[in-house]
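> Numbering (this note's numbering), first residue to last: 1 to 89.
Rather than coming from a laboratory, the hints here were simulated on the basis of the structure.
Here a beta-carbon is modelled for each residue, glycine too, at the ideal position from N, C-alpha and C.
Among the hints, a few may not be true.
Straight-line C-alpha distance at most 27 Å; calculated DSSO-like pairs for lysine-lysine [what the hints assert, rightly or not]:
hint	residue 1	residue 2
1	K9	K46
2	K30	K5
3	K30	K63
4	K37	K9
5	K46	K70
6	K39	K23
7	K17	K5
Have a look at the derived ranges for each label pair, beta carbon to beta carbon [what the hints assert, rightly or not]:
hint	residue 1	residue 2	range
8	K70	K23	13 to 21 Å
9	K43	M1	18 to 26 Å
10	A50	K82	22 to 30 Å
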Amino acid sequence: MPIIKSAKKKLKQDRNKAKLNSKYILAYKKAFKNLKKQKGSLKALKEVQAQIDKALKKNIFHKNKANRLKSQVSKLARSFSKKKKVKSN
C-alpha cells in the first residue's frame with residue numbers, strides 16, 4: 001500500500017480507470033458472444049465493430065489491435081454466411 005499522499009491518489013485514479021476500461025472490454029466481449037450466438041447477423045456485426053471503435057477512441061485498444069479484431073470479426077461473420085448458403089442434398 002502506498003504511504004505518500006500523491007501515491008494514494010494515483011492508486012485511487014488507477015482503480016477507477018481500470019473499472020472504466022473493463023466496462024468497454026466487457027461490452028466488446030458481450031457483443032462478440034452475441035455475434036456468435038446470432039450466427040453472424042449484420043446487426044450483431046455492426047454492434048461488435050462499434051464496440052471496438054469505442055474502445056479504440058478511449059485508448060483501450062491500440063489502433064492495430066482494433067483493426068485486427070475488426071478483421072477477425074468480419075471474417076467470422078463471412079464464415080457463418082458461407083455456411084448458410086451451402087445446399088445439402
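> Take the hints in turn and mark each one as holding or not.
Do the hints match the structure? See the list:
1. K9 to K46: Violated, at roughly 39 Å.
2. K30 to K5: violated, 38 Å
3. K30 to K63: Holds - the C-alpha atoms of K63 and K30 are around 21 Å apart, at most 27 Å.
4. K37 to K9: violated, 42 Å
5. K46 to K70: Judged against 27 Å, a Cα distance of about 10 Å means the pair holds.
6. K39 to K23: holds, 24 Å
7. K17 to K5: holds, 19 Å
8. K70 to K23: 13 to 21 Å: Given about 20 Å between the Cβ atoms, the range holds.
9. K43 to M1: 18 to 26 Å: violated, 47 Å
10. A50 to K82: 22 to 30 Å: Since the Cβ atoms of A50 and K82 sit about 24 Å apart, the hinted range of 22 to 30 Å holds.
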